[in-house]
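Engineer: Listed below are the residues making up each chain.
Number of protein chains: 2
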Amino acid sequence: MNWQDIFATRMDRMKASEIRELLKLLDQPDIISFAGGIPDPALFPTEAFQKALGNALSPKNQSTALQYSVSEGYGPLRDWIVGKMTEIGVPCTPENILITSGSQQALDYLGKLMLSPNDTALLGWPTYLGALGAFNAYEPNYDRLIPGGNRSAEDYAQTAKDNGGRVKFAYMSVDFANPTGETLDQTARENILDLADDLDIAVIEDAAYQALRFDGEPIPPVLALEVARKGSIDACRTLYCGSFSKSLAPGLRVGWICGAADVISRLVLMKQASDLHSSTLNQMAIAEVANTIFEDHTAKLRQTYTARRDAMLSALEAQMPDGVTWTKPEGGMFVWLTLPKHMDGGELLRQSLETQRVAFVPGQAFFADRSGKNTLRLSFSLADDAQIAEGITRLGAAIRAAL
Amino acid sequence: MNWQDIFATRMDRMKASEIRELLKLLDQPDIISFAGGIPDPALFPTEAFQKALGNALSPKNQSTALQYSVSEGYGPLRDWIVGKMTEIGVPCTPENILITSGSQQALDYLGKLMLSPNDTALLGWPTYLGALGAFNAYEPNYDRLIPGGNRSAEDYAQTAKDNGGRVKFAYMSVDFANPTGETLDQTARENILDLADDLDIAVIEDAAYQALRFDGEPIPPVLALEVARKGSIDACRTLYCGSFSKSLAPGLRVGWICGAADVISRLVLMKQASDLHSSTLNQMAIAEVANTIFEDHTAKLRQTYTARRDAMLSALEAQMPDGVTWTKPEGGMFVWLTLPKHMDGGELLRQSLETQRVAFVPGQAFFADRSGKNTLRLSFSLADDAQIAEGITRLGAAIRAAL
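Keeping their order, the protein sequence lines are chains A and B.
Residues in the first sequence are numbered from 1 upward in steps of one, following full-length UniProt numbering.
Residues in the second sequence are numbered from 1 upward in steps of one, following full-length UniProt numbering.
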């Protein structure tokens, strides 16, 4: 059977990630890994989940928890999110919220909602790898969004037209982004809204790390800035993607999209056609855990991760040779390193796995145009102080050897 | 903001279902509903899930259960499914299994895998509404698959070509199908494999109700028949979609696709890009519950649902006027009624909700060509004997009034 003839054209764009292949090597115990970028499981609020799942399966609730439910999501969870969004400057109602299976599904749905083949999505170089993966399925072109850049709306529109479609949205991760750890300042956010208004396109705001700000002043979400301009969420073009994966636990796969009710109602139809609804049981558990411990728990996470970030920044300061620079994130899980121009992060990974037993993610995969060879991503979320000190020392040695 | 200009062309195909709108009326307590088609929550194996979730959140397991996991699915669950598939005539390995968020997601992924706009999918008139919903997102044409029909492969191929694409797959629900309750006999299954071989297309076998056979001889899955022909699952074109929604509980959203390893590996990439993985916690819980009580529990379900089917068939025999015919399902949840040609199931629903307080699903929505006005779907899964007797009496009265 010739499957190549059967596959849709979109499958040409869905390739195995070389990172994923490389990272299969990381199970060996003597490797210190800064590759992951996943929460520390020692910090999961397991007791709260035990209690919440027990309640969800109580005689009163079990027939709801184990049954089919509505595609838009579990009412009390949407209510909690409405409260949280209002708190961060986005007054809304449950009709503005769709529950998704993690914010990865939110990105998939928003690509599916807007992208016909050859349309253009604007995003940063580098950007979240999972966003490229999700959008690729809908066969778009990418054009580079530069916060503070001076390319005109006309130029973006013309380039998209020349490529056979139109610009549909600008995507950006706003706070302590994966992979760079950088945060868009308020001016940059306002500029993106200006550009989106000029182009009459949507804005996808990826706020997966929003709850993990360690220091610095919180910056209003793009959606909050737009609500301030336009008076109501239902007049806004920004679609905000939230997640419980970094604040509570990723294994339950619960996230959300917040946006204009007219768009959410279309996404509800998409959800119904794609997987009916996210797990009822998990939504109930997340709702109870969020209602009882969200603030205390995320405070605890911030405290632990702050110490790890500080340890990593100190170690980098002490160990990196001249010519290497890195970001100073105000939250999240990542530091982004830029090596001297001639160096190759992929080659460095191969060498440092072999000689120094230290792992990270080469940066090139995060660039839609495959530039950025001389970059790499380090995560501090999983390593303790001793591992960070030792691992960064080893990384410094690997870099010096490759200089 | 003009969202219509922003939406992808596929959104034209994703419309609100009129059924869903009608069924919102069903919350009133004096209505007897045969509309649902969902499992009886009184039969959920709640105790087994309590135990399994407790184990998943034990100190030993919590860091797995609440964490990110691999896109292909939880190992022990894939192992259990390998055992089950082998038992029903499909020897395979974990590389042949992808865990999905219910079999609805399996249908979405298979549409996404194969359908470019204007390609053709073959399916029955009527067919599962959720399959039409899932496939519609990928903008196909539909052509009618008639088991035992005599249209040639050339004719199907030419029709698809005239419509701007090619035939990509044949889809069918094989056992006690939603909506008709009918089962494809072995000859029909073999004929579909012959046609698929001639057309060089895939076959999507929807086996959501497979565990709910009440009587009659089990018929081998299409995939088992093809393995028997071709010697190995990896040489097969059939992709089997299974589900725990009807056998254990739908609220956890766990199903699977079983097929050639080369296809599964592409679907793993799709899963990674669309929602990373299905809930780790839920996969662990389903694995334990399946390993401990699957056979006993499904035997109990079959016993209860058999009695309900029998009650419904007896009541129909006693209450339906001449000119009404219905299917005699050997399992599942549905009986399919055909009214006299001039009648309209949608109109009948409006009248019977008003005058008789009895609900069902009009059949038209299940037809890709919107024919089948004079049909309706009844589910016996949720009603007890008294409700069935009373409800079918009322339905008979409504039909007589409309004759």
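No wet-lab data here; the hints were simulated from the structure.
Being a predicted model, the structure only gives us computed values, none of them experimental.
Don't be surprised by glycine CBs; every beta carbon is placed ideally from N, CA and C.
There could be a bad hint or two in this list.
As the list claims (entries may be wrong) - List time: in silico PhoX-like cross-link candidates among lysine-lysine, alpha-carbon distance up to 20 Å: (1) A:Lys-300 <-> A:Lys-341; (2) A:Lys-51 <-> B:Lys-51; (3) B:Lys-161 <-> A:Lys-51.
As the list claims (entries may be wrong) - Pair by pair, the computed Cβ-Cβ distance ranges are: (4) A:Trp-3 <-> B:Pro-321: 26 to 36 Å; (5) B:Asn-118 <-> A:Lys-15: 42 to 52 Å; (6) A:Thr-86 <-> B:Glu-354: 33 to 43 Å; (7) B:Asn-291 <-> A:Gln-28: 38 to 48 Å; (8) A:Thr-355 <-> B:Lys-15: 33 to 43 Å; (9) A:Asp-5 <-> B:Gly-216: 29 to 39 Å; (10) A:Trp-3 <-> B:Asp-322: 23 to 33 Å; (11) B:Lys-15 <-> A:Ile-88: 28 to 38 Å; (12) A:Val-70 <-> B:Glu-347: 49 to 59 Å.
Claimed, not checked - Covered stretches of chain B (chain A as the covering partner; in silico rule of three or more C-beta atoms under 8 Å from a C-beta of chain A): (13) 35–46; (14) 75–87; (15) 110–117; (16) 147–157; (17) 274–284; (18) 316–330; (19) 350–359.
Engineer: A separate judgement is required for each hint: does it hold in the structure or not?
Structural biologist: Cross-check of the supplied hints:
1. For the given pair, A:Lys-300 sits about 39 Å from A:Lys-341 by alpha-carbon distance, which is inconsistent with the 20 Å threshold.
2. For the hint linking A:Lys-51 to B:Lys-51, the alpha-carbon distance of about 13 Å falls within 20 Å, and the restraint holds.
3. This hinted pair does not check out: B:Lys-161 and A:Lys-51 have alpha carbons roughly 57 Å apart, beyond 20 Å.
4. Between A:Trp-3 and B:Pro-321 the beta carbon distance is about 51 Å. The supplied range of 26 to 36 Å is therefore violated.
5. Between B:Asn-118 and A:Lys-15 the CB atoms are about 25 Å apart, so this pair departs from the stated range of 42 to 52 Å.
6. Under the hint 33 to 43 Å, the C-beta atoms of A:Thr-86 and B:Glu-354, about 41 Å apart, fit the expected range.
7. For the pair B:Asn-291 and A:Gln-28, the beta carbons lie near 31 Å from each other, so the given range of 38 to 48 Å is not met.
8. Checked against the given bound of 33 to 43 Å, the beta carbons of A:Thr-355 and B:Lys-15, roughly 59 Å apart, lie outside it.
9. Between A:Asp-5 and B:Gly-216 the beta carbons are some 38 Å apart, a value that agrees with the proposed interval 29 to 39 Å.
10. A hinted range of 23 to 33 Å for the beta carbons of A:Trp-3 and B:Asp-322 is inconsistent with their spacing of about 51 Å.
11. Against the hinted window of 28 to 38 Å, the Cβ-Cβ separation of B:Lys-15 and A:Ile-88 comes to about 34 Å, which satisfies the hint.
12. For the pair A:Val-70 and B:Glu-347, the supplied restraint of 49 to 59 Å is violated, since their beta-carbon distance comes to about 27 Å.
13. Only when three residues or more bring their CB closer than 8 Å to a CB of chain A does the claim for the segment 35–46 of chain B stand; here the count is 6, and the claim holds.
14. For a cut-off of 8 Å, the count of residues in the segment 75–87 of chain B with a CB near a CB of chain A stands at 0, and the three-residue condition is violated.
15. Three residues within the 8 Å Cβ limit are the bar, and the segment 110–117 of chain B against chain A gives 5, so the coverage statement holds.
16. With 0 residues bearing a CB less than 8 Å from a CB of chain A, the segment 147–157 of chain B misses the requirement of three and the coverage assertion fails.
17. With 9 residues having a beta carbon nearer than 8 Å to a beta carbon of chain A, the segment 274–284 of chain B meets the requirement of three or more and the stated coverage holds.
18. Residue count for the segment 316–330 of chain B with a Cβ under 8 Å from a Cβ of chain A: 0. That is fewer than the three needed, and the coverage hint is violated.
19. With a cut-off of 8 Å between beta carbons, the segment 350–359 of chain B has 0 residues touching chain A; three or more are needed, and the interface restraint is violated.
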